[in-house]
Amino acid sequence: MSDLTYKVPTMAEMAAANESPEVLFWVGCAGAFDDRYKKVTVAFVKILNKAGIRFAVLGTEESCTGDPARRAGNEFTFQMLAMSNIQVLDMYGIKKIVTACPHCFNTLKNEYPELGGHYEVIHHSEYLQQLINEGRVRLEGGETFKGKKITFHDSCYLGRANNIYEAPRHVLEALDADLVEMKRCRTKGLCCGAGGGQMFKEPEPGRKDINIERIEEAIGTGANTIAVACPFCMVMMTDGVKNKEKEDAVKVYDLAELIARAEGL
Amino acid sequence: MILPETYSSAMEVIQQVIFIVVLGIAGWLVFQRVQLIKSTINLGKPEDLTDQPQRRLSIMMRVAFGQKKMFDKPLVGILHFAVYAGFILINMEVLEIVLDGILGKHRLFASFLGSFYPVLIGFFEFLAVAVLLACVIFLFRRSVAKVARLQPVRHREMNGWPALDGKLILIFEIVLMIAILTMNAADSVLQDLGSAHYPKTGNFWFSQFLKPLFEGWNENALIIYERAAWWFHILGIFAFAVYVTYSKHLHIILAFPNTYFSRLIPKGEMKNMPEITNEVKMMLGLENASGETAEVPERFGARDVQDLSWKNLMDAYSCTECGRCTAACPANITGKKLSPRKIMMDTRDRLEDVGRNMQANKGKFVDDGKSLIGDYILEEEILACTTCNACVQECPVLINPLDIILQLRRYKIMDEAQAPGSWNTMFQNLDTNQAPWKFSAGDRFNWTEGLEQKSAG
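If you read the sequences in order, they're chains P and U.
Under the numbering used here, residue 268 is the last one in the first sequence; the count climbs by one each step, no gaps.
Under the numbering used here, residue 1702 is the last one in the second sequence; the count climbs by one each step, no gaps.
Since the hints were derived computationally from the structure, they do not count as laboratory data.
The beta-carbon is built from N, C-alpha and C at its ideal position, and this holds for glycine as well.
Computed cross-link-like contacts, DSBU-like style, restricted to lysine-lysine with a CA-CA straight-line distance of at most 30 angstroms:
| no. | chain 1 | residue 1 | chain 2 | residue 2 |
| --- | --- | --- | --- | --- |
| 1 | P | Lys10 | P | Lys99 |
| 2 | P | Lys186 | U | Lys1391 |
| 3 | U | Lys1391 | P | Lys191 |
| 4 | P | Lys204 | U | Lys1615 |
| 5 | P | Lys245 | U | Lys1683 |
| 6 | P | Lys191 | U | Lys1412 |
| 7 | U | Lys1283 | U | Lys1615 |
| 8 | P | Lys249 | P | Lys149 |
| 9 | P | Lys247 | U | Lys1683 |
| 10 | P | Lys254 | P | Lys191 |
| 11 | P | Lys211 | U | Lys1683 |
| 12 | P | Lys211 | U | Lys1318 |
| 13 | P | Lys42 | U | Lys1683 |
| 14 | P | Lys186 | P | Lys247 |
| 15 | P | Lys98 | U | Lys1516 |
| 16 | P | Lys98 | U | Lys1526 |
| 17 | U | Lys1582 | P | Lys186 |
| 18 | P | Lys191 | U | Lys1582 |
| 19 | U | Lys1313 | P | Lys186 |
| 20 | U | Lys1683 | P | Lys10 |
| 21 | P | Lys211 | U | Lys1582 |
| 22 | U | Lys1314 | P | Lys186 |
| 23 | P | Lys191 | U | Lys1318 |
| 24 | U | Lys1314 | P | Lys191 |
| 25 | P | Lys191 | P | Lys204 |
| 26 | U | Lys1318 | P | Lys186 |
| 27 | U | Lys1391 | P | Lys211 |
| 28 | U | Lys1526 | U | Lys1290 |
| 29 | U | Lys1683 | P | Lys254 |
| 30 | U | Lys1516 | P | Lys99 |
| 31 | U | Lys1318 | P | Lys152 |
| 32 | P | Lys191 | U | Lys1313 |
| 33 | P | Lys245 | U | Lys1582 |
| 34 | U | Lys1516 | P | Lys204 |
| 35 | P | Lys204 | U | Lys1582 |
| 36 | P | Lys247 | U | Lys1582 |
Under 7 angstroms between C-beta atoms, here's a sample of chain P residues computed to sit facing chain U:
| no. | residue |
| --- | --- |
| 37 | Ala75 |
| 38 | Gly199 |
| 39 | Glu207 |
If we strip away everything but chain U, and leave its shape as in the complex, we get (with noise of 0.2 angstroms):
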C-alpha cells in the first residue's frame, strides 16, 4: 500500500516542524552552555596571548589543524586524523541533511551538484567507513587491548564518568556512521524501486554493498527506514552537539583557540611575579621601577580556580584526557599520586562546579567554602612534581599542566606557608648562605684546591 499524498505531505509539514524546533532546542542548550563555559574562562586571572599572530596561526594550523602531535604515534596518529578529517567533512553533509529538514527536501544538492553529487556522496562515505573502522579499534583499545594509560586501574582519575565517557562517544560515533551508511543504501534501494520522492543519484560507494540487506523490503518499510535513519542521525548530531560541551570532547573545538594562544616563551621559563619584584627592589634599596608603592596583592599564588590565568583555565576545558601527559610524567611512572592529567581534570571539575555556583546564584559565584588545592587537588600530588615538563611536550593540544602545579606551589608555600620542612632548611640556607646547602659563602671558591693539587703533581 502506498500512503495517500496528503496524508504523506501533511507528515512533511509536520517533520519540518518538529525538525525546526528539535534545531532550536539543540542551538539554544548549546549556546547556554557556551556562555556558561565562557563566563567560567573569564573568571580566570588576565594573561596576554595576542602577540605574534602569524607564528601562533601557524602553531594553530601545523598542531590542531594538522594534528602533528598526534603523528608522534603513527597509527594512532592515522585513526584519529581519519575520525577528525570524518568529523569535518561530513558535516558538509550535515549542512545538506540541516537545509532538507527545515525545507522538506531531500538531497538539496542532488540538484545542483548532478552528477558530481554521488562523487561526493561516495567520499563521505568512505570517510564514514574510516570514521567507523577508527573509532572500532579505538573501542577495541579502550575495552579489549587495555592501552595503560586509559585504564581505570591505573588512573584513578579516570573511574566512573570519564572512562564511560571515552566509550560513550566512540559506540555514539559507531551508530551514527551505520545509520548514515543504512540509510543511503535504503535510498537507493528506494531509487531503484522509482520512488517518487527519492531523486535518482545512483549507487554510492560503499552502501551500495549493504543494499542486500534490504531487499524484499517493501517501499513502505524502506522509506521508514530511511527516515528513521535520517532522523537518528541527524538527531544524535544535535545530541553530539549539546553532549560535547559537557564532555572531554569539547577538544574538538577549543583544540583551536587553545594551540592558538598557547605560550611561545621556552618552557623552562617560569612566569615572573611583578608584584613581589616591587617589594624585592623597596628591599634592597632600589629604586622601585614604578615608582609606587607596591599594591599588595590578595593572594600570592593560586588557591582556586580564579587565581589561575584564563589560559590554565581553557586549558582544563580543551583536554580530552587522553594521559599522555601522564604516561610520561616520571612522578606517575614511579607510582607517585600525581597524575597531570587529573590535575588538569580537577581544574575542569571545579570550574564545573563554580559554573553551577553561577547558574544557581544569578551569575555570580558564592563561596562554597572549596577550593582546588585540598579539595580537588593535594598538595602530595603537586610536591611530587620535577617540573621535566614531559607533561607539555607530550600534550597534543599544547596543554600546560605545569604552569598549575607550579602557580598552587606558590600558593602553598607562600601563602599558607606550608612547605616540607627540609625546603624550608632549603630556603633558609639560601636566605643566610645564597646555596641551598649547608656551605659558608665565603667557601665559594675552595674548590680551585682541587686544580691545584692536579697541577702540581
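Isolated chain P, as found in the complex (with noise of 0.2 angstroms):
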C-alpha cells in the first residue's frame, strides 16, 4: 500500500557505519514480545520512518530495564540488569532515548543516574507530541478521528511519578477527535491494576479486580475508543473490555496506533 519501506537499523549496524542515532528507541519486553503491544511497536516504527527520524533499536542487545524486579523487591535482579542496559548504552555513545513504556521511561530517566547511567530521556507521548508540533508529523491521509469519542487512561508512571499528563492529551486533541474525560483522571487517575510487579502474580482476594473497576469507569464515558500509553494498561484494559464483553463496541489503542493510523500507515 505505502511506497514506504520500513528499516529498523540496529545500534551494532549504525555503530559499524560509524553513524550515530538522533534518538535510540528502546522497544521493552512487552513491546518485543507481547503480541498485542508488537503492534505498537510497529507503528510507532512506522511513524518515525515516515517522519524520517535517524532512529536505532538495540534488537537483542536491550534488556529488561529491572523496573518490575526493582518493585517487587528484588534489588539484586533489578541492579544486574540496569548495569548491564548502562553498559551497552554507554558503549555504544547513547544520549537521547525514547520508549514507549512508562515504566521503561520512569527507570531510565530516574533510577538509573544513580548507577551511572546518563541519558536524555523522552516518553513517546512527548515526542509524538514534539513531532506534531513540530510539523514532522502530519495528520493527514489516513482515517479521520473528528467527532469520535476517546478517553485516555493515564498510567500511574507517566503521570503521578512523572507528572506527564498533557502530552498525551494534546497528542489526542491533534486528532481532532472528541476526548471525554473519566472521573479519576490526571492526578486522580486510577491506576489499571499492574503496576508494582502485580502484572506478574495474581492479585490479592478482594472484591473485585482493579481493571474492572476502571474498565467500568472508562465505558461510561461512553467512549468507543480507550486511549493508552503503556504496555501494561493495555493489557489492563483489553482484558476488562472482553470481561464486560464490549469487545466490538470498545477498543483499546496506544497513542501511536492512533496517530499511526490518521497517517494512513
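Build the complex: two chains, separate frames, hints provided.
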C-alpha cells in the first residue's frame, strides 16, 4: 500500500557504519514480546520512518530495565539488569532515548543516573507531541477521528510518577477527536492494576479486580476508544473490555497506533 | 453579697499559684512526650533531606502554612482552614490568658491596646464561631453523614481509639469555643454591672448575643461562671497540648517539618541501595567505585521501624488518619487488605510501642520479639500495592506510605526470600532471559516480522 519501506536499524549496524542516531528507540519487553503490544512498536516505528527520524534500536542487545524486579523488592536482579543495560548504552554513546513504556521511561530517566547511566529520556507521548508540533508528523492521509469519542487512561508511571498529563492529551487533541475524561483522571487517575509487579502475579483476595473497576469507569464515559500509553495498561484495559464483553463496541489503542492510523500507515 | 476584699485577693493569689503549677505540669508532660517522640524518630536510618532550602521552604509555606492540598475538596478545605486559622490566632488570646494567669491580672492587653482591644477580641470571637461551626459540621460528617473513609465499618484500622480520637478532638474544640464565648458574655455583663475587676472594653462582636443567657444572674454567680469558664478554657488548652502528643492531632505541629523535609525527587523514583550496587559491580567485574570491599549490611530492606528512614517515622507521627490515601488506593477500593493509612498508623503504633519499651528500659530498646512486618503490617497488604502513587499524591501533608511498603517488600524478598511463586518465576526469567516472561533473548528482535508483513502487503 505505502511506498515507504520501513527500516529498523540496530545500534550495532549504525556503529559499524560509523553513524549515530538522533534518538534510540527503547522497545521494552512488552514491545518486543507481547503480541498485542508488538503492534504498537510497529506503529511507532512506521511513524518514525515516515517522519524521517534517524533512529535505532538495540535489538537483541536490549534487556529488561529491571523495573518489575525492583518494584517487587528484588534489588539484586534490578541492578544486574540496569548495570548491563548501562554498559550497552554507554558503549554506543547513547545520549537520547525514546520509549513507549512508562515503566521503562521512569526507570531509565529517574533510576539509572544513580547507577551511572545519564541519558535524555522521553516518553513517546511527549515525542509524538513534539513531532506533531514541529510539523514532522502530519495527521493526514489516513483515518479521520473527527467527532469520535476517545477517553484517555492515565498511566501511573507517566502521570503521578513523572507529572506527564498533558502530552498524551495534546496528541489526542491533534487527532481532532472528542476527548472525554473519566472522573478519575490526571492526578486522580485510577491505576489499571498492573504496576508494582502486579502484572506478574495473581491479585490478593478482594471484591473485584482493579482493571474491572477502571474499565467500568472508562466504558461509562461512552467513548468507543480507550487510549492508553503503556503496555501494562493496554493488557489490563483490553482484558477489562473482554470481561465486560464489549470487544465489538469498545477498542483499546495506544497513542502511536491512533497517530499511525491518522497518517494512513 | 460581695466577697470581702481580703478573701478575694487571697483567692487571686491561690489562683495564680495553681495556675503556675498547672502550667508547669502541662509544660513538663509535653516536654517529656516531645523528647520521647524525638528519640523514636531518631531510631530511623539517616536520610539527607536538607538540599534546596528555598524550594523546601516554599513547599512548606504552600502545603502546610497555606494548606494548598486541603483545597482539593473546597468545602472541607475552607472548614479546615477556619479551624486552623482559629487555632493559630486564638492562641494569641491564649497568650494573654496565660499572662493574666501568671500575673493575676484580667485582660492584660486591654490597657495597652485601648480601643483596638475589642476589635481584636471581636475578631477572635469571629474565629471562635467559625471553629465552632466547622467542628460541628465535621462531627456531623463523621457521625451522621458517615463519610466512608472515616468509618470503622469500612476501614478496620479506624476501629476503637482512632474513631474515638477523631470525635473527641472535635467535641473538645466545640466545648472550648463555647467556654470562650460564654466567658466573654459573662465578662460583658459584669462590665455592665461595673464589677471592680472587669475593665471596661465594651461588648464583643459575637458574645453580646449570648448576654441574655446571663440576665438576672447576680454578680457573684457571674464572677463564678466567668472564672469557671476561664479556668475551663485554659485547663482545656493545657490538656489539649498534652493530648495532642498522643493523638493523630500531632499533625498540627508536624505538618510543618514534614512538608519541609518531603522528598523532592520524582514520585516514580525508588531510593537506590548502594550496598547492592557495590556487590553487583563486583559480580559484573566492574571496578568498585568506592574501592573498598563492600560492607555486608545487617539487613536488606526494612523489617522493623529501626530499618526505615527517620523521615518515614516522622511521616507516621504526622498522619492525621484522614484516609484520603486509602480512599484513592486502587487495592483498597477493590476490597484488598491494603490501606495506606493503616501502613502509617501501624508504623506509628509500632513506634509508640518501641517508645514505651525504651522508657521501661532506661532509654534502650530491648527486643520484644516483634517486628513491623508480620506483627503489625501483613505480607498480604504490602503484596497488594500497585505502586501507583495515588496515596502519595493525595496526602495533604506529603506523607509517603509507598516508600515504607517498598522497603518492607525488599526485606521480604531479599532477606527472607519469601516471594509469591509467580514472582520467583518472573525473577528467574529476568535472570536468565533478561525479560520477565519466558521468551528467549534471541527472539527479542522478532517483532519486525510484523512490520515486513504489513509493508509487503
